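> Note that the protein sequences, when read in sequence, are chains A and B. Each step along the first sequence adds one to the number in full-length UniProt numbering, with nothing skipped, and position 369 is 369. Each step along the second sequence adds one to the number in full-length UniProt numbering, with nothing skipped, and position 417 is 417.
Hint data in this document are derived by calculation from the structure and do not stem from the laboratory. As the structure is a prediction and not an experimental result, all values here were calculated from the model. Note that beta-carbon positions come from the ideal geometry of N, C-alpha and C, so glycine has one too. Where hints are given, some of them may not hold.
[To be verified] Pulled from the structure, derived: some chain B residues nowhere near chain A, Cβ distances all over 12 Å:
| # | residue |
| --- | --- |
| 1 | 67 |
| 2 | 188 |
| 3 | 243 |
| 4 | 462 |
| 5 | 465 |
| 6 | 473 |
[Said to hold, decoys possible] Here are the simulated PhoX-like cross-link-like pairs (lysine-lysine), alpha carbons at most 25 Å apart as the crow flies:
| # | chain 1 | residue 1 | chain 2 | residue 2 |
| --- | --- | --- | --- | --- |
| 7 | B | 512 | A | 331 |
| 8 | A | 512 | B | 319 |
| 9 | A | 493 | B | 496 |
| 10 | A | 331 | B | 225 |
| 11 | A | 512 | B | 335 |
| 12 | B | 180 | A | 335 |
| 13 | A | 66 | B | 66 |
| 14 | B | 331 | A | 225 |
[Claimed, not checked] Facing chain A, according to a computed beta carbon distance under 8 Å, are these residues of chain B, among others:
| # | residue |
| --- | --- |
| 15 | 328 |
| 16 | 438 |
| 17 | 445 |
| 18 | 518 |
| 19 | 521 |
| 20 | 571 |
Below are the chains, spelled out letter by letter.
There are 2 protein chains.
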Amino acid sequence: MPVYKAPVEDTMFVLYDVLKMESYGNLPGFSDAPRDLVEAVVSEGAKFCEEVIQPLNVVGDEIGCKRNEDGSVTTPPGFKDAYKQYCEGGWLSLAFDPAYGGQGLPVTVNAIVGEFLSSANLAWGMYPGLTQGAMAALHVHANDEIKSLYLPKMATGQWTGTMNLTEPHCGTDLGMLRTKAVPNGDGSYRISGQKIFISAGEHDMSDNIIHLVLARIEGAPQGTKGISLFVVPKFIPGADGEAGKRNPVSCGKIEEKMGIHGNATCVMNYDEATGWLVGQENKGLNAMFVMMNEARMSVGIQGLSQSEVAYQNAVAYAKDRIQGRSLSGPKSPEKQADPIIVHPDVRRTLMSIRAINEAGRALVLWTALQADVSHRSEDAAERQKAEDHMGLMTPIVKGVLTDLGFDNAVKAQQMYGGHGYISEWGMSQFVRDARITMIYEGANGIQALDLVGRKLGAHGGRAVMAFFNEVGTFCAQSKDDAALAPFVGSLSKGLKDLQAATMWFMQNALAKPDNAGAGSTPYMHLFGLVAMGFMWGRMAKAAQDKLAEGADERMTAKLATARFFFEQLMPESSVYLARVTAGADSMMALPAEAF
Amino acid sequence: MPVYKAPVEDTMFVLYDVLKMESYGNLPGFSDAPRDLVEAVVSEGAKFCEEVIQPLNVVGDEIGCKRNEDGSVTTPPGFKDAYKQYCEGGWLSLAFDPAYGGQGLPVTVNAIVGEFLSSANLAWGMYPGLTQGAMAALHVHANDEIKSLYLPKMATGQWTGTMNLTEPHCGTDLGMLRTKAVPNGDGSYRISGQKIFISAGEHDMSDNIIHLVLARIEGAPQGTKGISLFVVPKFIPGADGEAGKRNPVSCGKIEEKMGIHGNATCVMNYDEATGWLVGQENKGLNAMFVMMNEARMSVGIQGLSQSEVAYQNAVAYAKDRIQGRSLSGPKSPEKQADPIIVHPDVRRTLMSIRAINEAGRALVLWTALQADVSHRSEDAAERQKAEDHMGLMTPIVKGVLTDLGFDNAVKAQQMYGGHGYISEWGMSQFVRDARITMIYEGANGIQALDLVGRKLGAHGGRAVMAFFNEVGTFCAQSKDDAALAPFVGSLSKGLKDLQAATMWFMQNALAKPDNAGAGSTPYMHLFGLVAMGFMWGRMAKAAQDKLAEGADERMTAKLATARFFFEQLMPESSVYLARVTAGADSMMALPAEAF
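Isolated chain A, as found in the complex (with noise of 0.2 Å):
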């Protein structure tokens, strides 16, 4: 079976040495939450998700969710009951506004408990995940009505959420969407239409399922100007606030699909379902990227959540495989053979998966310390630069993290061989599941297409500029420091790289906007690579200056680990950067026939 353990220390290290979240102590609702309680509250996550949930992650794979004959949804044995411990701990509304039954903990609380939520099992923290952005979307969008009556018993959990977004023919595309709402008189309106890979869109664990649905009223404007928000339950809540009558919205099928089994992706049917607005009319897209933000955060933690777990269990079999002798000569001579961990190939695997993991975590954790100051921040300086800093780093943060959560954990499974290719030992399950963080909530293509069409040029590249001048800044200031000038060096030149390929997009891509798009993929890489590089120079100052004050295992690690990450990954700018600059031109040559 496989193996984890919530990185809680390292988790800390970031949180107070390196991003100094005491420094943001004058936060509202901050002071409320110093280093001791973080840390109770994220360690008892950790046993939370390790002892609960993470035993459910097999069972959820092999069993998966069954869709009975009278439309209901069965989830897989075990995951019902955990679901109520979950809610029973408060876990669902840690960083939820106290005014709805939420406990108002910074978001980055919350997002370290999703990292380790997911790592346990992904897709059964997809049904509180999703919960927690249909309540985002209803806090910020919907009136006092709509949040008074659903959200208190969203945040206990009672009730959970969805997002209905896609249709058969329209995913990326919402402009061509066909579901259609008619006003009934009353304020209410009846929801008509298909909507697909609905995840969690029926299960058993709550007593209701709030739907947020994107329909175009009658009438309205063809393509995106004229799709609303609408809030569909399954069961209408009664006078009594209580989940009433059943609302004809009900699941037509499960996807048969290449992972999260545990989670059931659903196609819903809305035959005349009653559902009211939320927000303004025609204005829904703008509601659901309140929600869509916070969704694609929370993807990207998925992913680094899926390489974790199998970096985890890829160490425990490198330790424990015997196979081969060292290259430099036998290291458990008593043995047969040694174990694989001595080889320099799986060392590379490994190390290659550790620097990504830390510094995605580190990443993370920055970015969900800026969601908190956005929220939180009464100065609007503050706040504006913290908004800046999450919308650049939203795309970023899902396509990078997800494209390499991916791929390490491809790595990880190539570590077992053929034991990694079999069911028994879960490697992968890991790497199926993790495939969905590339293509739900935008596929990897469509968010850098958002960051290089959209968030780049955004108030005159302001969040762009700000982030070069924090990271040029880090660069300037450490590079006479003897330990870190090395590290420094190679992160300027990823600087160097990235400043040059947003200059090559504002001279080539305004004329010419398949330039944009033909770069996006790339430069969402380099951009992501000189985060994390940022990550590591930060990290490694943090560790240098632990270091200082005596011996630490830890510490030492993290210095051989941003070695390796200078050394070995922040290479690839170079690569990023001819692909940017070498233009759309031979992608667009061909006719599309000669496909």
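Chain A is fixed; fit chain B onto it per the hints.
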């Protein structure tokens, strides 16, 4: 349902316009295989794979193999009947020795049909593929009695074959194997032990299954020096040469695995089964290597095959699926959206896969032709040169084409968005099936070690020097050709990086072998990149020559794809070089406990 059309035209272009197969006409047997015959065989093979084998791919995945209570194994519906047709068509022994019923065609032709077969249905193709491997080992190493008894029956496909190497505690490190052979005194042995991961170990498609088994004769030395190879038939041939008495070798279990469900991956239990020695006592590994080299080439072809079929399906979807508008203005204004093939990022994906597939195919066929030369040439120097090439390229074809084949299947799946993740469209199968090719017949890390640790230095680096010389000569001859110059410039840079990496090993790996191990995987990929670049150089030249004879859209597309390769993929060479020359220190710094 997924589509597949075998790339006959591209294959013929590579064979005759690039590799000038007609210039090999002096080889024994080649004069019997003029261009029109090769084209007829290849086209017939294409048709058979498209019409008979490909339609069984999805059913093989969904239904898989079942082990029955009596230990027999039932293959998916249609598999057995297709196998009958395959045997009747003589496909199994296309390139086999006519003395035993083969048709003696070039192995190059067999490699082509092998690609088509694997694209059509990887799991199905493994049954005859393993038989061909076993036939090759018996042909080279068994005595005449064994050859006459087994080979004619295997050549017709009436009996199939397997390879039995792996045991639960040993895969790569065969020196630890425990399966035991005890002489019966009559020239036969009693074989006892357990083998795992035995593809096609038990099934219902043939009358007999001929297992080639590595075992240790009682009293033989420990380690690899005490391993012998045995032939162990499921049914012992009687005096009439037909399958007779059941031998106590049986399938104890079929593994549940990530893909290739249509092939039975068996745990095989040998309980004093009767076997006969193949080749010399304690020289089993040498004998097995014949089989392994053939098998490694075939697995490289399997990697290519999944990339090709996944590409074809991604193209079909990209032309059909409408979503969003071209960045340069609507391309299908009459529709609600443009087909996604208008988007540069989609183009990047498709071109990346295509550029690898076409170069990979050329690399395979170039190497297969060298195999023919090495088997058939009457000139010893020519044979030696061809053998050098084969030895050098085998790990590269296996390791690089399977790593890239899997990556490409993932990329192709990504084109489908959420539809790629569900079973309905069949893209997940290509990914899951391709995944095994990186693992079996020596995990790719082992291929890299074989390249760096054995092939590079063999005979004073003769093979690698010949390769450098051949590529260098091509570059020198083509650099003044204006149309080829940009490609040649890129190829020369790649070659320079490869030579620098090779030189670095010479200077840094002898005294410190960990440096060789640490750089082996990037070096293998660097080598593969340059080898594919060389293929692109030659293909571009051939395309240009054909264009000089008149307009040809396929040749225009070749040049466009060459440009894409050199602009977008060749720049990776600098990263691989940086990885090699950074050395082992950053990987080996941490004590094992720190992981």
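> Does each hint fit the structure? Answer for all of them.
Evaluated hints:
Chain A leaves residue 67 of chain B outside its interface by the beta-carbon criterion, the shortest separation being 14 Å against a cut-off of 12 Å. Separation of residue 188 of chain B from chain A is adequate, the least Cβ-Cβ distance of about 29 Å exceeding the 12 Å criterion. Every CB of chain A lies more than 12 Å from the CB of residue 243 of chain B, the least distance being 29 Å, so the non-interface label holds. With a minimum CB-CB distance of about 24 Å to chain A, residue 462 of chain B clears the 12 Å threshold, and the non-interface call stands.
For residue 465 of chain B, the requirement that its beta carbon stay farther than 12 Å from each beta carbon of chain A is met, with the minimum near 24 Å. Residue 473 of chain B, annotated as away from the interface, keeps every beta carbon of chain A farther than 12 Å; the closest lies near 27 Å. Taken as a hint, the residue 512 of chain B and residue 331 of chain A pair is honoured in the structure, with Cα atoms around 16 Å apart against an allowance of 25 Å. Using a Cα cut-off of 25 Å, the hinted pair residue 512 of chain A and residue 319 of chain B holds, with the two alpha carbons roughly 23 Å apart.
At roughly 22 Å between alpha-carbon atoms, residue 493 of chain A and residue 496 of chain B fall within 25 Å of each other, so this suggested pair holds. Restraint check for residue 331 of chain A and residue 225 of chain B: satisfied, since their Cα atoms lie roughly 22 Å apart, inside the 25 Å limit. Under the criterion of a C-alpha separation no larger than 25 Å, the hint pairing residue 512 of chain A with residue 335 of chain B is consistent with the structure, at around 23 Å. Note on residue 180 of chain B and residue 335 of chain A: the hinted pairing holds, with a Cα-Cα distance of about 21 Å set against a maximum of 25 Å.
For the hint linking residue 66 of chain A to residue 66 of chain B, the alpha-carbon distance of about 23 Å falls within 25 Å, and the restraint holds. A C-alpha spacing of about 22 Å is found between residue 331 of chain B and residue 225 of chain A, which places the hinted pair at or below 25 Å, so the restraint holds. At its closest, the beta carbon of residue 328 of chain B sits 6 Å from a beta carbon of chain A; the interface hint therefore holds under the 8 Å criterion. The interface hint given for residue 438 of chain B is met, as the beta carbon of that residue sits about 6 Å from the closest beta carbon of chain A, less than 8 Å.
Because the smallest distance between the Cβ of residue 445 of chain B and any Cβ of chain A comes to about 4 Å, under 8 Å, the interface hint for this residue holds. Annotation: residue 518 of chain B was flagged as interfacial toward chain A, and the flag holds, the nearest CB pair being 4 Å apart, inside 8 Å. Look at residue 521 of chain B: its Cβ gets to within about 6 Å of chain A, closer than 8 Å, so that hint holds up. For residue 571 of chain B, the suggested interface contact is upheld, since its CB lies about 4 Å from the closest CB of chain A, less than 8 Å.
Of the hints listed earlier, there is not a single one the structure fails to meet.
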